[in-house]
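Engineer: Protein sequence lines correspond, in order, to chains A and B. Under my numbering, the first residue of the first sequence is numbered 1, with each subsequent residue one higher. Under my numbering, the first residue of the second sequence is numbered 1, with each subsequent residue one higher.
Among the hints, a few may not be true.
[Stated by the list, open to error] As a list, the in silico DSS-like pairs of lysine-lysine whose alpha-carbon atoms are at most 25 Å apart:
1. K78/B <-> K106/A
2. K9/A <-> K119/B
3. K2/A <-> K119/B
4. K130/B <-> K9/A
Hint data in this document are derived by calculation from the structure and do not stem from the laboratory. Remember, it's a predicted structure, so these values are computed and weren't measured experimentally.
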Amino acid sequence: MKSLVALIKREFIEHKGAFLYAPAIILAVLSVVMLSGVSFGRFSAVQQVGIISGAKGFEFGFLALSGLWFAYLLFALFFYFADAFSADSRNNSMLFWKSMPVSDFKMLASKMTAGLTLFPALIFGAALVSGVVVFVGTLIMVYTVPGFHLSDPVSYLATGANIAGFSLGYLVLALLWYAPFFGWVGLLSTLFRRWSIPLAFLVPGLVGLAENLLLRDAGPDGGYVLSYLRRRADFEIDGDDLRLALFSDAPFDIATVLGRFVASIDWTQMVGGLVVAALFVYVASEVRRRAVAG
Amino acid sequence: MNDLAQSTTAPIVSARGLRKRFGRNEILHGLDFDIPAGRIYGLVGHNGAGKTTTLNALLGLTSYEGTVRVLGEDPYQKRAQLMENVAFISDVASLPRFLRVRELFALLTNIHPSFDPQKARGFLEGTDVKMEARIKNLSKGMIAQLHLAVVMAINARLLVLDEPTLGLDITYRKRFYRRLLEDYMTEERTLLITTHQVDEIEFMLSDIMFIREGELILHMQMETVSTKFAQVIVKPDQLAAATALGPIYSETRFGQTAMVFDGVERDRLAELGEVSTPTLSDLFVALMQRGAK
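Bound conformation, chain A alone:
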């Protein structure tokens, strides 16, 4: 366990640029832009969105920024897995790590664990700080924008906790849902290094194309492969649930939105996907085990 933690720390040191420094810079820029925009009246929630409640504005802004951070995380993780699984052979340190009493599976499992726990936690932290920035912006608007009224302070806390809880819940579920895709990219990275980036899409695309050519008019529209992958890529929250929660006068209700979302998840697919992800990591570790000298 001690060595696994150390290896995860190693991943952090190697990739802190994408998951610590870049988010910190984005946060700094975002804070300056948002707070100056609000302070100088270049943005008005009342005119542009029609929001008149401070708490609702905070809720809307925090959730929107959490969504953007989630998109950033998915993007960064895709490149992380495309890089990390082959970084040791590319930067010539493979033999050093192989001289350590750590199996190849443990080495890659540490990368997978870092990608699914530590790095998302850092980005979630960035989302929380964004929430604070939105909160400050909301307070400024309360005092500068006519018609934008202050809610009681407790409601801000409750709203912040609701949005943070919802973001965290969705983040955990989404990472588990997309784990096989990250495992797939990692496996390709072990085999083809940076070519894993286009191959991650090209290989399933070609398989789907071949299926369509060979089994024309059979199966669902677009073929079994592509329609399955489309279904597997879709992990969105029902738009009506979200609109209802956001645009009603009542505070965002995490229990209802997240509860309905959890109930809609195909858990067989979820568990099966995790098994496939573990299998991809195992195969990648066997490839890595043979990687030094053929």
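Following the hints, put chain B in place on chain A, whose structure we already have.
Structural biologist: Below, chain B alone, put in the same frame as chain A:
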């Protein structure tokens, strides 16, 4: 031409019928050897002779045919466990460049149960390697010093060095080997080293193995080398007599003919000219040419 050292204890390394193929090309042709504890072995051969492939097999870095046991374990199946007692430097540039020296020691403390960070710090005292330095900013020589400090701070029973001083200047090379002998070697530890600069390690070797085209052509203790092989600077009038004794190698340098003999008594050779023990590099050249395909 094998002189497998006899030992009452189990050998640290044992290989029987070690073969390695890459596709249809066989690189190692069934090597048999034992390496007992407490010895310093040199494995010498041309580029492509199979030195690194042999080491990779011993370190569990590649699959193979035959039987290999390192500290009693199958290295390919048990590499991770084995590395608790085996340290190796395969390439001086293999340290992770993104780390600082301090971070490297902190990680190793938690990853390697036999790593002692205090020892590693001690080995770096008096060098230009600073704890806050990033490895990517260190010179080749400093990286070699750092890597040596790391492996010497691991309480390993077997240390394997594959061309550890490649690309270093003579000062660093000499310092590297001196440090290794003075600060690392004990009777319980075994060292296996490959290098092209064979003259630089000759003084420290207890045993030598020559490998040519995937076959061991020499495996013996250094003491045996000096009794078995002899080099003679042959007197001009003794050339015919010397040739009749069947030298394994003959070369004329600056008008003098030097011949290397295998298993000929020194008393007989003394009549032919000035007798000495060939250096490892002379012996290497001699044996590589004998029977070369």
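Engineer: Hint by hint, note whether the structure agrees.
Structural biologist: Each hint tested on the structure:
1. K78/B <-> K106/A: holds (14 Å)
2. K9/A <-> K119/B: holds (23 Å)
3. K2/A <-> K119/B: Roughly 21 Å separates the two Cα atoms, so the pair holds.
4. K130/B <-> K9/A: It holds: about 22 Å lies between the C-alpha atoms, which stays within 25 Å.
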